[in-house]
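Numbering (our numbering), first residue to last: 62 to 295.
Treat the hints with care, as some may be off.
Unchecked claim - Across the chosen pairs, the derived CB separations fall in these ranges:
1. 220 <-> 70: 21 to 31 angstroms
2. 147 <-> 187: 53 to 63 angstroms
3. 183 <-> 233: 29 to 39 angstroms
4. 238 <-> 136: 48 to 58 angstroms
5. 270 <-> 238: 18 to 28 angstroms
6. 68 <-> 124: 19 to 29 angstroms
7. 67 <-> 201: 46 to 56 angstroms
8. 124 <-> 208: 33 to 43 angstroms
9. 225 <-> 98: 31 to 41 angstroms
10. 98 <-> 255: 26 to 36 angstroms
What the hints assert, rightly or not - Straight-line Cα separation of at most 25 angstroms, DSS-like style, residue types lysine-lysine; simulated pairs:
11. 184 <-> 270
12. 282 <-> 237
13. 201 <-> 270
14. 193 <-> 91
15. 208 <-> 184
16. 184 <-> 201
17. 281 <-> 270
18. 193 <-> 270
19. 180 <-> 193
20. 237 <-> 180
21. 100 <-> 193
22. 208 <-> 237
23. 184 <-> 241
24. 270 <-> 180
25. 241 <-> 281
26. 208 <-> 193
27. 201 <-> 241
28. 270 <-> 282
No lab work stands behind these hints: they were computed from the structure. C-beta atoms are modelled at their ideal positions from N, C-alpha and C, and glycine is treated no differently.
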Amino acid sequence: QGELNYVITDQIGTPTELLAEDGTGRWRVKHNLWGSILKQYSANDDDFCNLRFPGQYLDNESGLHYNRHRYYDPNTAQYLTPDPIGLAGGFNPYGYVHNPTGWIDPLGLAEANCYSIQKLESKGFTGVEVTKNGGLDYSKSNALYSKDGVNPIQTIEYTGDYHEDFALANAAIGRKTTPKGYVWHHLDDYDPGSNTGTMQLVSQDAHRKIVHFGGVAQYKKVPENSNSYIFKIW
């Protein structure tokens, strides 16, 4: 018969304790910065949790962490194989996130700021998802613009200028200006072959000061595009 255990996690969602239904401690662990175990306590041999950083599961035989697309070694803070999505996942193809106290890589592809989702939810915005590249997808969120006859998700050809991109997206929905209180979000699906990407019309409050990786960052990784899109907070 199964038993109910309560999982206590740290600020990014890594399990640190297991509690029985009556609150008794069954398992406790202390990790170093990169996920290697420093200390561990178990009430008995059966009390153990194999969950590690978000998206990771401990392989007891190898000591490695299964991370969906790759295996992570907490002792070296590196993946065993290069990133399947290449440099789109970062400049170090074997590296984990740059700061594991606030960033996660749940798919083994690209880092994501876990505080971004928490911040959005604290503002009342739900349904925002982290993409495989570490960006934010608002397509299923209540932050997405909603009006009959208007499709708030459009594909445009990138121009290298925020205002011109917005103008193209607005034209696609039959408007001259962006609806008040909203802003166009560059989804991180930029295609350098066609120079196109998806735009999502979202609430300014769900976009302003929310750290995320988007299509503009992908566009600027193309050498000839590196000096475009002067930084601006919307």
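Hints and how they fare:
1. A C-beta distance of roughly 43 angstroms is found between residue 220 and residue 70, which places it outside the suggested range of 21 to 31 angstroms.
2. Taken as a hint, the range 53 to 63 angstroms is violated for the pair residue 147 and residue 187, whose Cβ atoms sit roughly 32 angstroms apart.
3. At roughly 32 angstroms, the beta-carbon separation of residue 183 and residue 233 lies within the given 29 to 39 angstroms, and the hint holds.
4. A hinted range of 48 to 58 angstroms for the beta carbons of residue 238 and residue 136 is consistent with their spacing of about 54 angstroms.
5. The supplied range of 18 to 28 angstroms is met by residue 270 and residue 238, whose beta-carbon atoms lie about 23 angstroms from each other.
6. The hint said 19 to 29 angstroms for the Cβ distance between residue 68 and residue 124, and at roughly 21 angstroms that hint holds.
7. At roughly 29 angstroms, the beta carbons of residue 67 and residue 201 sit outside the given window of 46 to 56 angstroms.
8. In this structure, residue 124 and residue 208 break the distance hint of 33 to 43 angstroms, their C-beta atoms being roughly 53 angstroms apart.
9. Here the CB-CB span from residue 225 to residue 98 is close to 52 angstroms, at odds with the stated 31 to 41 angstroms.
10. Between residue 98 and residue 255 the beta carbons are some 47 angstroms apart, a value that contradicts the proposed interval 26 to 36 angstroms.
11. Of the supplied pair hints, the one linking residue 184 and residue 270 holds, its CA atoms being roughly 12 angstroms apart against a limit of 25 angstroms.
12. With a C-alpha separation of about 30 angstroms, the suggested pair residue 282 and residue 237 falls outside the 25 angstroms cut-off, and the hint is violated.
13. Using a Cα cut-off of 25 angstroms, the hinted pair residue 201 and residue 270 holds, with the two alpha carbons roughly 20 angstroms apart.
14. Simply put, residue 193 and residue 91 have alpha-carbon atoms about 29 angstroms apart, too far for the 25 angstroms limit, and the pair is violated.
15. As the CA atoms of residue 208 and residue 184 are separated by approximately 21 angstroms, the hinted pair is consistent with the 25 angstroms bound.
16. The suggested pairing of residue 184 with residue 201 holds, with an alpha-carbon distance near 16 angstroms, which does not exceed 25 angstroms.
17. Restraint check: the Cα-Cα separation between residue 281 and residue 270 comes to about 20 angstroms, which is no more than 25 angstroms; the hinted pair holds.
18. With a C-alpha separation of about 21 angstroms, the suggested pair residue 193 and residue 270 falls inside the 25 angstroms cut-off, and the hint holds.
19. With a C-alpha separation of about 20 angstroms, the suggested pair residue 180 and residue 193 falls inside the 25 angstroms cut-off, and the hint holds.
20. With a C-alpha separation of about 31 angstroms, the suggested pairing of residue 237 with residue 180 is violated against the 25 angstroms cut-off.
21. Straight-line distance between C-alpha atoms of residue 100 and residue 193 comes to about 32 angstroms, which puts the hinted pair past the 25 angstroms bound.
22. Annotation: proposed proximity of residue 208 to residue 237 holds, straight-line Cα distance about 16 angstroms (limit 25 angstroms).
23. For the hint pairing residue 184 with residue 241, the CA-to-CA distance comes to about 19 angstroms; that is within 25 angstroms, so the pair holds.
24. For the hint pairing residue 270 with residue 180, the CA-to-CA distance comes to about 10 angstroms; that is within 25 angstroms, so the pair holds.
25. Distance hint between residue 241 and residue 281 is unfulfilled; the C-alpha atoms sit about 28 angstroms from each other, more than 25 angstroms.
26. Between residue 208 and residue 193, the direct Cα distance comes to roughly 29 angstroms. Violation of the 25 angstroms bound is thereby established for this hinted pair.
27. Between residue 201 and residue 241 the CA atoms are separated by roughly 21 angstroms; this keeps the pair inside 25 angstroms, and the hint holds.
28. As the CA atoms of residue 270 and residue 282 are separated by approximately 22 angstroms, the hinted pair is consistent with the 25 angstroms bound.
In summary, the structure is inconsistent with hints 1, 2, 7, 8, 9, 10, 12, 14, 20, 21, 25, 26 from the numbered list given earlier, while agreeing with the others.
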